[in-house]
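Asks: Now for the letters of each chain:
2 protein chains.
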Amino acid sequence: MTANFADKNPFPVSFADVEAATKRLQGKAFKTPVLTSQTVNKQTHSQVFFKCENFQRTGSFKFRGACNALMQLSETEKLNGVVTFSSGNHAQAIALAAQLLSIPATVVMPADAPKVKQEATRGYGAEIVLYDRTRNSREDLTAQIAREQHLTIIPPYDDARVIAGQGTAAMELIAEVGELDLLLVCCGGGGLLSGCAIAAKTLSPQCKVIGVEPEQADDAARSFRTKTLQTVSNPDTIADGARTPSLGKLTFPLVLHYVDDMATVSEAQIRNTMFFMWERMKIVVEPTGVLAAAALLSGVVKAENSRVGVIVSGGNVDIREVDRFFS
Amino acid sequence: MTANFADKNPFPVSFADVEAATKRLQGKAFKTPVLTSQTVNKQTHSQVFFKCENFQRTGSFKFRGACNALMQLSETEKLNGVVTFSSGNHAQAIALAAQLLSIPATVVMPADAPKVKQEATRGYGAEIVLYDRTRNSREDLTAQIAREQHLTIIPPYDDARVIAGQGTAAMELIAEVGELDLLLVCCGGGGLLSGCAIAAKTLSPQCKVIGVEPEQADDAARSFRTKTLQTVSNPDTIADGARTPSLGKLTFPLVLHYVDDMATVSEAQIRNTMFFMWERMKIVVEPTGVLAAAALLSGVVKAENSRVGVIVSGGNVDIREVDRFFS
Numbered sequence: 001m002t003a004n005f006a007d008k009n010p011f012p013v014s015f016a017d018v019e020a021a022t023k024r025l026q027g028k029a030f031k032t033p034v035l036t037s038q039t040v041n042k043q044t045h046s047q048v049f050f051k052c053e054n055f056q057r058t059g060s061f062k063f064r065g066a067c068n069a070l071m072q073l074s075e076t077e078k079l080n081g082v083v084t085f086s087s088g089n090h091a092q093a094i095a096l097a098a099q100l101l102s103i104p105a106t107v108v109m110p111a112d113a114p115k116v117k118q119e120a121t122r123g124y125g126a127e128i129v130l131y132d133r134t135r136n137s138r139e140d141l142t143a144q145i146a147r148e149q150h151l152t153i154i155p156p157y158d159d160a161r162v163i164a165g166q167g168t169a170a171m172e173l174i175a176e177v178g179e180l181d182l183l184l185v186c187c188g189g190g191g192l193l194s195g196c197a198i199a200a201k202t203l204s205p206q207c208k209v210i211g212v213e214p215e216q217a218d219d220a221a222r223s224f225r226t227k228t229l230q231t232v233s234n235p236d237t238i239a240d241g242a243r244t245p246s247l248g249k250l251t252f253p254l255v256l257h258y259v260d261d262m263a264t265v266s267e268a269q270i271r272n273t274m275f276f277m278w279e280r281m282k283i284v285v286e287p288t289g290v291l292a293a294a295a296l297l298s299g300v301v302k303a304e305n306s307r308v309g310v311i312v313s314g315g316n317v318d319i320r321e322v323d324r325f326f327s
Numbered sequence: 001m002t003a004n005f006a007d008k009n010p011f012p013v014s015f016a017d018v019e020a021a022t023k024r025l026q027g028k029a030f031k032t033p034v035l036t037s038q039t040v041n042k043q044t045h046s047q048v049f050f051k052c053e054n055f056q057r058t059g060s061f062k063f064r065g066a067c068n069a070l071m072q073l074s075e076t077e078k079l080n081g082v083v084t085f086s087s088g089n090h091a092q093a094i095a096l097a098a099q100l101l102s103i104p105a106t107v108v109m110p111a112d113a114p115k116v117k118q119e120a121t122r123g124y125g126a127e128i129v130l131y132d133r134t135r136n137s138r139e140d141l142t143a144q145i146a147r148e149q150h151l152t153i154i155p156p157y158d159d160a161r162v163i164a165g166q167g168t169a170a171m172e173l174i175a176e177v178g179e180l181d182l183l184l185v186c187c188g189g190g191g192l193l194s195g196c197a198i199a200a201k202t203l204s205p206q207c208k209v210i211g212v213e214p215e216q217a218d219d220a221a222r223s224f225r226t227k228t229l230q231t232v233s234n235p236d237t238i239a240d241g242a243r244t245p246s247l248g249k250l251t252f253p254l255v256l257h258y259v260d261d262m263a264t265v266s267e268a269q270i271r272n273t274m275f276f277m278w279e280r281m282k283i284v285v286e287p288t289g290v291l292a293a294a295a296l297l298s299g300v301v302k303a304e305n306s307r308v309g310v311i312v313s314g315g316n317v318d319i320r321e322v323d324r325f326f327s
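Respectively, the protein sequence lines represent chains H and F.
Letter by letter, the first sequence follows residues 1 to 327 in our numbering.
Letter by letter, the second sequence follows residues 1 to 327 in our numbering.
Treat the hints with caution; some may be incorrect.
Said to hold, decoys possible - Pairs of lysine-lysine residues, derived as DSS-like cross-links and limited to a Cα-Cα distance of at most 30 Å, are as follows: (1) H:42 to F:117; (2) H:31 to F:115; (3) H:78 to F:42; (4) F:78 to H:302; (5) F:23 to H:23; (6) F:31 to F:227; (7) F:8 to H:28; (8) F:302 to F:23; (9) F:249 to H:31; (10) H:249 to H:201; (11) H:28 to F:31; (12) F:78 to F:249; (13) H:31 to F:23; (14) H:28 to F:78; (15) F:42 to H:31; (16) F:28 to H:42; (17) F:115 to H:42; (18) H:42 to F:23; (19) F:78 to H:23; (20) H:115 to F:42; (21) H:42 to F:78; (22) F:42 to H:117; (23) F:31 to H:42.
As the list claims (entries may be wrong) - Output of the computed footprint for chain H on chain F, the stretches with three or more beta carbons under 8 Å from beta carbons of chain H: (24) 99-108; (25) 312-325.
Keep in mind that the hints were calculated from the coordinates and are not lab data.
Cβ coordinates follow ideal geometry from the N, Cα and C atoms, glycine included.
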């Protein structure tokens, strides 16, 4: 490769990083299965490929980014350990990746986070620091812990190594099924969306990439249209992974550059799609995990005679509380 | 092949029939995915391969046998149509297979069968005949309809073509993952168990085949031990697919000949395994579908340093009523 300034990538993550992450994660992250449904193909008059990250380690794509980030730490950083803030899938992902790499991990969680999530994270060997969300900012607390204990912060999405790791999901999908006309990806903080868009635009240049959010948490869609960073505050959606306040400093420009469009789906569309995927496709998918599928199955995004990739991002729900989704 | 009387197979189904069914079903039945779980491998100190028939068309392995049987009808039989009795997975399997092959299908169901099952069967284009289970015998009613309307009866398990079709599940599994030390298969009427045992014993001669029943419906286990056909009547188990009164005239001798042992699992073990498979493996599996897995995961069947195949037979549950399993 020639080092020409004109060739320089203005972004901190490129296809080469996703490619390197793919190699790095071999034998660490699972190559998740791609499922198809004749009912879906018939209904959409398309060939639809569901990339099932609910089967990923710890039950979501988050393991890819977490593991990719941790594997690139220096030996000293690994020895000192890492800290992150999350009450959701990123927490479990960091905890397991750290355990596999023998890195001490601390996770900052609100004291009222579901016991089942606290236990899962602790089960992977992470130390949990609880905080009162009415009194503390989790970012401040995390920064303080990092400073005092010399820990490296691994943010949930606004990190080049995390973004590159998440992109390996689309990389694997296209490597397995071939080029796509359309790729649908859910969007919270934009790590999965931007990583997958980078991969798709290189591997399948004609592929249109659309990000999907809940209507109730449409900050990224508004940011995309206005080209100015928009926020939401505690949005009322069952898709808890998309409750993030806004895109990040890294992910926003990446989304603007690589993503073709944003779509939003209603709570009813999320519930109906979740029901369909459980009842007919026989897979356990969380509300955030069905966002991309919901855009397609509810007709918000039209596809006709197309090859469509749909990222199913995760499957972490409390099975005992399933009736709140389907009643 | 030489026609030597000594070579003659005393059974109406042989490996050649399973092989022929495999070819026949190509492009009709799905090649279902094989899933693995590191948690399960660690817990059992073995390599465990879950053959996921919950992803099969109509949500269970039953489609294999139904389709294999229907494809072997004469043109006249196809034209006249078929009839079967089932309130469960066999009904939907016959309905869809008949629809795909343009064969008229009638399904005899008790009037109190869940609306969701009636609708699914009707949705695949079958005609449903309801009967009062306190007043009529479904076998008599089916025979009467068959006689009057010149329909061919396709029984749910005691049929050579059905048994051969079900055996293709084990055939596919072993073709994909290689030879096994142990194969666990649930047992209701014994169609899946005997078909899979025939396939396994030829493709992987060292493989021990164990059938698994609910403790509450242990007729096949008792039949196996006493070598005399035993029955149960309306057993109280959540594994509705294993509520069949006994093994069949064809399946009983096949089970005695090809199966190494029978195991039983408690209702609590069924529930716990179902919870594990939903919560951790992220797949929707019905109670009968987890019987084989329950024997392994609860330690009823011991495996150590083995390659273990587990048939996950189906995933048809009413999602809206999930809380009755997990509460």
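Asks: All hints are to be evaluated individually against the structure, with a verdict given for each.
Replies: Here is what the structure says about each hint:
Our distance criterion of 30 Å between C-alpha atoms is met by residue 42 (chain H) and residue 117 (chain F), whose separation comes to about 22 Å. Our distance criterion of 30 Å between C-alpha atoms is broken by residue 31 (chain H) and residue 115 (chain F), whose separation comes to about 39 Å. Proximity of residue 78 (chain H) to residue 42 (chain F) is assessed by CA-CA distance (about 26 Å); at most 30 Å being required, the pair is judged to hold. For the proposed pair residue 78 (chain F) and residue 302 (chain H), the alpha carbon gap of about 39 Å is over 30 Å, so the pair is violated.
A threshold of 30 Å between alpha carbons decides the hint, and for residue 23 (chain F) with residue 23 (chain H) the separation of about 37 Å lies outside it, so the pair is violated. For a cut-off of 30 Å, the pair hint linking residue 31 (chain F) to residue 227 (chain F) is broken: about 35 Å separates their Cα positions. Taking the CA atoms of residue 8 (chain F) and residue 28 (chain H), the gap is near 51 Å; set against the 30 Å cutoff, the hint is violated. In summary, the hint linking residue 302 (chain F) to residue 23 (chain F) is not supported, as the alpha carbons are separated by about 34 Å, beyond the 30 Å threshold.
Restraint check for residue 249 (chain F) and residue 31 (chain H): not satisfied, since their Cα atoms lie roughly 44 Å apart, outside the 30 Å limit. Note on residue 249 (chain H) and residue 201 (chain H): the hinted pairing holds, with a Cα-Cα distance of about 21 Å set against a maximum of 30 Å. This hinted pair checks out: residue 28 (chain H) and residue 31 (chain F) have alpha carbons roughly 27 Å apart, not beyond 30 Å. For the proposed pair residue 78 (chain F) and residue 249 (chain F), the alpha carbon gap of about 25 Å is at most 30 Å, so the pair holds.
Between residue 31 (chain H) and residue 23 (chain F) the alpha-carbon distance is near 29 Å, which keeps this suggested pair within the 30 Å criterion. Distance check on the hinted pair: residue 28 (chain H) and residue 78 (chain F) sit about 52 Å apart at the alpha-carbon level, beyond 30 Å; violated. Distance hint between residue 42 (chain F) and residue 31 (chain H) is fulfilled; the C-alpha atoms sit about 19 Å from each other, no more than 30 Å. For the given pair, residue 28 (chain F) sits about 16 Å from residue 42 (chain H) by alpha-carbon distance, which is consistent with the 30 Å threshold.
For the hint linking residue 115 (chain F) to residue 42 (chain H), the alpha-carbon distance of about 25 Å falls within 30 Å, and the restraint holds. Proximity of residue 42 (chain H) to residue 23 (chain F) is assessed by CA-CA distance (about 25 Å); at most 30 Å being required, the pair is judged to hold. Among the hinted pairs, residue 78 (chain F) with residue 23 (chain H) is inconsistent with the structure: their alpha-carbon atoms are about 53 Å apart, more than 30 Å. With a CA separation close to 25 Å, the supplied pair residue 115 (chain H) and residue 42 (chain F) stays within the 30 Å bound.
Our distance criterion of 30 Å between C-alpha atoms is met by residue 42 (chain H) and residue 78 (chain F), whose separation comes to about 26 Å. For the given pair, residue 42 (chain F) sits about 22 Å from residue 117 (chain H) by alpha-carbon distance, which is consistent with the 30 Å threshold. Our distance criterion of 30 Å between C-alpha atoms is met by residue 31 (chain F) and residue 42 (chain H), whose separation comes to about 19 Å. Proximity of the region 99-108 of chain F to chain H, defined as three or more residues with a beta carbon under 8 Å from a beta carbon of that chain, is not established by the 0 residues found.
Counting residues of the region 312-325 of chain F whose C-beta lies closer than 8 Å to any C-beta of chain H gives 5; at least three are required, and the coverage claim holds.
Violation of the numbered hints given earlier is confined to hints 2, 4, 5, 6, 7, 8, 9, 14, 19, 24; the remaining hints are satisfied by the structure.
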